[in-house]
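> Chains as they are written, first to last, in numbering that gives the first Met the number 0: chain A, 0 to 307; chain B, 0 to 249; chain C, 0 to 409.
Rather than coming from a laboratory, the hints here were simulated on the basis of the structure. Computed from a predicted model, the values in this text were never measured in an experiment. All C-beta atoms in this analysis are idealised placements derived from N, C-alpha and C, irrespective of residue type, glycine included. Mixed in with the good hints, there may be bad ones.
[What the hints assert, rightly or not] Computed beta-carbon distance windows for the label pairs:
hint, chain 1, residue 1, chain 2, residue 2, range
1, C, Q105, A, D138, 53 to 59 Å
2, B, N29, C, L209, 37 to 43 Å
3, A, K205, C, L209, 28 to 34 Å
4, A, L176, C, K143, 35 to 41 Å
5, C, M186, B, F116, 31 to 37 Å
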Amino acid sequence: MFSDYSWAELGSIFAMQGFAGLSLFSVYLLMALGLAIIFGQMGVINMAHGEFMILGAYVTYLCSNMVQQYLPFLFGGYFFVAIVLAFIVTAALGALVEWLLIRHLYKRPLDTLLATWGLSLILQQLYRTIFGAREVGVDLPSWMLGSISANDMIDIPINGLVVMSITLLIALGVYLLMFRSGFGRQTRAVVQNRVMAGAVGINTEKVDRLTFSLGCGIAGIAGSAFTMVGSTGPTAGQLYIVDTFLVVVFGGAASLLGTVASAFTISQAQSTLEFFLSGSMAKVLTLVTVVVILMLRPQGLFASKVRR
Amino acid sequence: MSIRTNTDYMLALTDLSVSFDGFKAVDDLNLFVDENEIRVIIGPNGAGKTTVLDLICGKTRSDSGSIKFWNEEISHLNEPRIVHKGIGRKFQTPSIYEDLSVFENLELSYPRGHDVFGALFFKRDSEVSDRLQEVAESVFLEDHLDKQAALLSHGQKQWLEIGMLLIQNPKLLMLDEPVAGMSISEREKTAELLNRITRERSVLVVEHDMKFVEDIAHKVTVLHQGRILAEGDMDTVQNNPDVIEVYLGH
Amino acid sequence: MNFANTVSWRHMLSMACLLLLLAIVLPITLDAFRLNLVGKYLTYAFVAIGLVLCWGMGGILSLGQGVFFGLGGYCMAMFLKLESSTPEATAIQSTPGIPDFMDWNQITELPALWIPFQSLTLTLIAIIAVPVLFAFLIGVAMFKRRVSGVYFAIITQAIAAILTILIVGQQGYTGGVNGITDLRTFMGWDIRSDGAKTVLYFVTIAFLCLVVFMAQFISRSKLGRLLVAVRDQEDRVRFSGYEVANIKIFIFCVAAAFSAIGGALFTLQVGFMSPTLVGIVPSIEMVIYCAVGGRLSILGAIYGTLLVNWAKTSLSESFPELWLFGLGALFIAVVMIFPKGLAGVANSLADRFRKPRLDVASSPDMPTPVDDSNASSTPLTSTTHQSATRHSRPGSAVHGAAGAAGDIGA
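Just chain A, same shape as in the assembly (with noise of 0.2 Å):
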């Protein structure tokens, strides 16, 4: 597939293909981050993580909406704002299903996995009911539209610039909070003794649903970036829990550099391939491949020996 191009024609591709990545690879990084919190640090499948994230997108929208209906001269920095709400909303909304839901199954995680699959379905529907069957599109304001030309053939998209400086900030900030903070610390040591953490002190119920919070609040920042790269529907979400949750796996459940890493492979792979392949087999080469590699090396590319 790659005879019919010169080098130089190439590298373009690669490099073109791969800004125009970029806005996947955030929607990725941070569907993944928020996914790996909640299963990486509680052990905990949540299937309606693309939802919160369709939820933080439809937060967007509104936002959107609402700031060109009413305040148009704030038109530019809607997205900040946006970013905020959205991580807000979604964020409350996993507090209240770890309360209802998730605290009761932390020791059943096939189970989880299947009850927050109801949950999917269930936001689903709602989204259809409050928003309709129609996808719906984001506008952009005028400073984040169009794109820096490197050379003649490469365009660096600004938005997706943006999303991404976004992205690592956050990713960043998730870094700090569970690696150098003593909400991470206490994190950390509910995952590893959750008996002894409580003995200590440490309010274990109320670190679960923070975390979970966190997690979910995360997917709805995700959310926001998605409005740059696809429409957001009701379905929209469930087509990226697979592929977050191979992102996750594939970087190795507990460490945040390999999510970092494998969120960049995986949408660098699968944005490159689409140039040579069509969309379709692009996706489906790419999540072979990670197939193929999780059953060579099931403990993801990132893990370290323990004692079992």
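We have chain A; now place chains B and C onto it with these hints.
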């Protein structure tokens, strides 16, 4: 008496090492167990006692060194193969099938029908039931065969697991803290049980309970930070200054 | 005492109840269209029974059973499609004699993949062999490397996604998103008539009985108890000298074979096969059939399948938007409120009507208190609790075993 070579021992661990994430859990360990010997491994928490058992039974792979059983290298074999060689392992927390009856727990451990189709067409004949009955009696569970294993007391669960090992008739029995959490009377019964069942096999025990160790041990090995600190009979080890230092001093 | 005989008597009774319902009551009371609908539901029950063995007993949750259902169904559909694509019937195509969708996709020669499906024998072999081989490869790759639990679930789901995208993308070879449609005859016999559909309904029941029989043979053998043991204490099984991976591979292949039979029968009864039956959504829905039945109950899986699909059809007819809410709530309820499903409800009802027996007083499968109102509002329950499916639960096998042991020991 001539110098003994490795081949004389039933179990010979030589230069065995394993590390987890940079931490050396077992460090150049050499350990030899004779036929019909009861060997107890003691040591402070984190000394690598359970890891040694994990290495022998194949649960953990060593980084280097050799494990020989009857002079045959077994460190590359997987767990079931090691079991078939004649090594049985009891875990620290009772690991039994709580949803099944005592009888079925023992039956699943009976050394026949180990492959898929063997299990599918397994027939419960009188040979099987006789043997199960016999083992159940030896672990004080003959009156509880019909009982669901989850309903047994903690001590009974420990005995059931020992019974599940006995059915396999292993040549080397490895027990990880067999009396942890037992009442005094249960502990005495267990010591009696171990003394009885160890007559025609070797036993490797990890234990904290010094009274119990004194009751059963032929020879004691003290582990500290993945290395052997002292080895010998109970008196020698107890009077060893290094051991006293590790247990009492700082 | 002879508890073993009691168990098999109970088993006969519940099996007879099921047969009475499926083979006599439903054919008499339902019209041809509805009966065909029930026949379609029953093909999903094959998948649910496979999941009872694989997930309920063995603890291996596969979220990709639609893959095997689909492979079995596609094998059958390819055969039927070739049969109806004779050169005479397809004379208007630019290449007569090949399936119509291939002609639309500018394919001028039958692809090599399709050639074996000209033969009925090879097709019948492929229906079982292709899915089982695929399951075997997945099983070897995953179980030998000790991938299990949620990792296995997610990877099987990814495989379902991959296969769906592949089928949709390769339109010329697979019929794409529409699937393989317009299937008319099976060895010259018109499968679209009402009479043929009724015959196929009974054929489905016959195969269902065969599968139930095989599943019960497995669940009552030592292998069945081993599966439960693997679910609860995988390491102990390994240290009792069993190759755990082989046990898992075997049961995963069995579940795949059952699903494939269901898929092939689906194609025959419904007259098409499409990727909508392969993907993530149908695969996980099939898990809920099994869960509603009670996870561990083989007959319960059949009732669970019928109940959920009946609810789906009647709700989607009248209130389509309510169905997803209902299905979502069902997923949550079956996990949080009644994890033992219909079998649990049936057992608690059966226990209420029966004088408690001393020797089962310590029964391990004594259900936890279950909210009866969950199922008593549904019409199928009246038949469900007669056929209390305790015998197929491994917990009851305990007593069969222990009783028999007592006899020998005495």
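> Taking the hints in turn, state whether each one holds.
Against the structure, the hints come out as follows:
A hinted range of 53 to 59 Å is violated for the C-beta pair C:Q105 and A:D138, which are about 41 Å apart. Evaluation of the 37 to 43 Å hint for B:N29 and C:L209 yields a failure: the beta carbon distance comes to about 59 Å. One distance hint, 28 to 34 Å for the beta-carbon pair A:K205 and C:L209, is violated here, with the actual separation near 54 Å. Distance hint for A:L176 and C:K143: a CB-CB separation of about 38 Å, consistent with the stated range 35 to 41 Å.
Against the hinted window of 31 to 37 Å, the Cβ-Cβ separation of C:M186 and B:F116 comes to about 35 Å, which satisfies the hint.
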